[in-house]
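Engineer: Read off the chains here:
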Amino acid sequence: MIDNKFKIANKIFKSRLIVGTGKYKSFSECAKAIKTSGADIVTVAVRRVNISNKNKARLMDFIDPKKITYLPNTAGCFTAEDAIRTLRLAREIGGWKLVKLEVLGDKRNLFPEMIETLRSTELLTKEGFKVMVYCNDDPLMAKRLENAGAVAIMPLAAPIGSGLGIQNKVNIKIIRKQTKLPLIIDAGIGQASDATIAMELGCDGVLINTAIAKAKNPFQMAEAMKLAVISGRKSFLSGRINPNLFGSASTTNKGII
Amino acid sequence: MNIKNKIKITVNGKQMQIIPKFSLKSLITKLNMPINKIAIELNKKIIDKKRISKIQLKKGDKIEIVHFIGGG
Numbered sequence: 000m001i002d003n004k005f006k007i008a009n010k011i012f013k014s015r016l017i018v019g020t021g022k023y024k025s026f027s028e029c030a031k032a033i034k035t036s037g038a039d040i041v042t043v044a045v046r047r048v049n050i051s052n053k054n055k056a057r058l059m060d061f062i063d064p065k066k067i068t069y070l071p072n073t074a075g076c077f078t079a080e081d082a083i084r085t086l087r088l089a090r091e092i093g094g095w096k097l098v099k100l101e102v103l104g105d106k107r108n109l110f111p112e113m114i115e116t117l118r119s120t121e122l123l124t125k126e127g128f129k130v131m132v133y134c135n136d137d138p139l140m141a142k143r144l145e146n147a148g149a150v151a152i153m154p155l156a157a158p159i160g161s162g163l164g165i166q167n168k169v170n171i172k173i174i175r176k177q178t179k180l181p182l183i184i185d186a187g188i189g190q191a192s193d194a195t196i197a198m199e200l201g202c203d204g205v206l207i208n209t210a211i212a213k214a215k216n217p218f219q220m221a222e223a224m225k226l227a228v229i230s231g232r233k234s235f236l237s238g239r240i241n242p243n244l245f246g247s248a249s250t251t252n253k254g255i256i
Numbered sequence: 000m001n002i003k004n005k006i007k008i009t010v011n012g013k014q015m016q017i018i019p020k021f022s023l024k025s026l027i028t029k030l031n032m033p034i035n036k037i038a039i040e041l042n043k044k045i046i047d048k049k050r051i052s053k054i055q056l057k058k059g060d061k062i063e064i065v066h067f068i069g070g071g
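Going down the list, the protein sequences come from chains A and B.
Position 147 of the first sequence, counting from 1, maps to 146 under numbering that gives the first Met the number 0, and the rest follow consecutively.
Position 71 of the second sequence, counting from 1, maps to 70 under numbering that gives the first Met the number 0, and the rest follow consecutively.
Hints may be right or wrong, so weigh each one.
Here's a subset of chain B near chain A, in silico, CB distances under 10 Å, partners left out [unchecked claim]:
no.: 1; residue: Leu30
no.: 2; residue: Pro33
no.: 3; residue: Lys36
no.: 4; residue: Gly70
Note that these hints are calculated values from the structure, not bench results.
Built from N, CA and C at the ideal position, the CB exists for glycine as well.
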């Protein structure tokens, strides 16, 4: 099967791996890991500038938004109003319209508050934003988000930063079957094989932050994730064999002595 | 300038004192903020960065200046 281009809101991206820029020891470590990952989209957050330390390093000085697509997020928002305020500010910084919506409902497990998420998706879409939506792995909600104008469905694999891997493969497969929108696993990836499994389930991409940033060797893990996503995609497109309960010899018995 | 003539404003949650007729642009310059890397809210309304020289700050104004940081 020939691979389709990875397209979000009519823009083509080279890498199916999206990476987060949080939790790194420094901006230079973050920039190097991103380069190694091959990602051409990175998530970023909107926060107050530090007015007491004017010379503090800034993310934009290390990661050039002209060379890589910034995907502003709404991390830390618990209501539609908070999320909209944050993304309007992100748009004002430099015209960003492609955004990652993340409206949380619980501080401990960081699960998405889906009612507010759906409401935010509708409102932001009406304002002209292209909304990629962090959501639960619920096929019914995924459908509602699609109807509300989402440009990508981004279900969690497991809680944010947990590294537990994909907990509900069945739901991810169902969502894959029902939507033609880009389907991107967002949150919960722990190791390279998790990313491969996501791609083998037919996802269009994977978004990873903690698993790379907090790995003992983030650069090596960034490369592992890059290869895992490529590998999983190729595996998915290649058409796997049917699983069989019994063995099937690879060597013919013909000519046996 | 007599301190009594100064007016109090809040910038990113911190109180600051400025002289009367101080513009938003002067504040951004004073704080050494790169204009192309920030967004500004004045009393919860987003400000068009092209207009900041025309905006004079008033007593009690609440200003938020934000930028991008690392996030997932």
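Engineer: So, as I understand it, the hint says B:Pro33 touches chain A; can you test that by seeing if any CB pair is closer than 10 Å?
Structural biologist: Status holds, d = 8 Å.
Engineer: Would the hint on B:Gly70 stand, with a C-beta cut-off of 10 Å toward chain A?
Structural biologist: Since chain A brings a Cβ to about 3 Å from B:Gly70, closer than 10 Å, the hint holds.
Engineer: Hey, does the B:Leu30 contact hint survive, CB to chain A under 10 Å?
Structural biologist: 6 Å, holds
Engineer: When the nearest CB of chain A is found for B:Lys36, is that gap smaller than 10 Å?
Structural biologist: 5 Å, holds
In this structure, every one of the numbered hints holds.
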